[in-house]
Amino acid sequence: MLILSMVFTIWRVIVRCRISVWMGLSDWLMILGAILNAGAIVLSIIGCWYGDGRLLADPYWTVSTLLVKKHMTFAGQLINVYAMFIVKLSICAYLLALNFSRTYRWVVWGTIAFVTTFNFILPASQHFGLCRPLAMRWDSSVKGQCWSQNVRISIAYTQAISNIVTDLIYATAPIAYIYSVKLSARTQWSVRIVFAMSLICTTISALKLWDFQLLQTSTEAFYDGVSLSIWSITEVSVGIVVGNVPPLRKHFDVWISRVLPSLGSKSSSRHTDSYGLPTYRTNGTRNTMNVEGMSGRGERLRSRTDPDNDSDMAILNELEEERLYHKGIIKTTLVEVDQETIRKEASRKSKAGSIQ
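Residue numbers (the working numbering): 653 to 1008.
Honestly, the hints are just simulated from the structure, not real lab data.
Treat the hints with care, since some could be wrong.
Claimed, not checked - Ranges between beta-carbon positions, derived for each pair:
1) I882 <-> T824: 22 to 30 Å
2) L684 <-> Y809: 25 to 33 Å
3) T717 <-> S753: 53 to 61 Å
Just so it is clear, the structure is predicted and the values come from calculations on it, not from any experiment.
Ideal Cβ placement from N, Cα and C applies to all residues, glycine included.
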């Protein structure tokens, strides 16, 4: 999972650097999240080296190995939680670029507040306030005071439920608002598939919550806790992969067209606003004149973000690029005038003038 998440992150960085060297806030947050995830995985590997997964009766255990194991587990879990928080912030920052409507932006901002509360503030209070001094979390020889264990369990439950709720929002909000954009059927399906991948994270979060529930009655926490650690690592790593897919959506168009070839030639017939997307299309071999550019060519105007003129305008890349260039999403309107109609009208007016 470490390799897969890093590959997608590096791929995203390469693609985004071609648009802007400084990239965007969502890109930098995703890079930070991937780094934290890598650190959490390394600490988990060290914890396994020092006995994670062994039974309590195993003669391997000594005071020193138990101390290191518990310390690595605590640090790994802490970084894992904050890695997930940063990844979710990255996704929210990217979703804000898809400025479909004011309501949509309020939904995303509400999600940011929700994530900050349940994925950062509450876990941080639990990590650093549950026991004083902090070393009591991994060293049983240190004396101090700790909160009730019910507090830790309650915060863990709220965090897991928060992950499920936010994943559902990430999957459904863009899909719901995609209907306000005029796109071909193939592009709509590709966008739906990309954002529906968030449901994979929802499934993993649910399995993690179920495993956490089973662990509460376990008498072999080191042995039974391995599966929970695996789910935690997988949850963040898959979140990174899924979070990196939308900016790379255009590169998956070939695969989408092969899976759904019949959708490639169909276009949406809805007459709705096109946020950052061109509203023009070619109309057979008719000669048209672009009033904006006075080109007179009967072909689709090339977009700055679509130089090869082969895509149906990848909405996720297009909207983000427009934001980088114009600090907002622009509604483009193109007026087409039939040259033949112009000549006939001019000829008619000329004859009428001669008669007068």
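Hints, verified against the model:
no.: 1; hint: I882 <-> T824: 22 to 30 Å; verdict: 28 Å, holds
no.: 2; hint: L684 <-> Y809: 25 to 33 Å; verdict: 27 Å, holds
no.: 3; hint: T717 <-> S753: 53 to 61 Å; verdict: 57 Å, holds
The earlier numbered hints are all upheld by this structure, with none contradicted.
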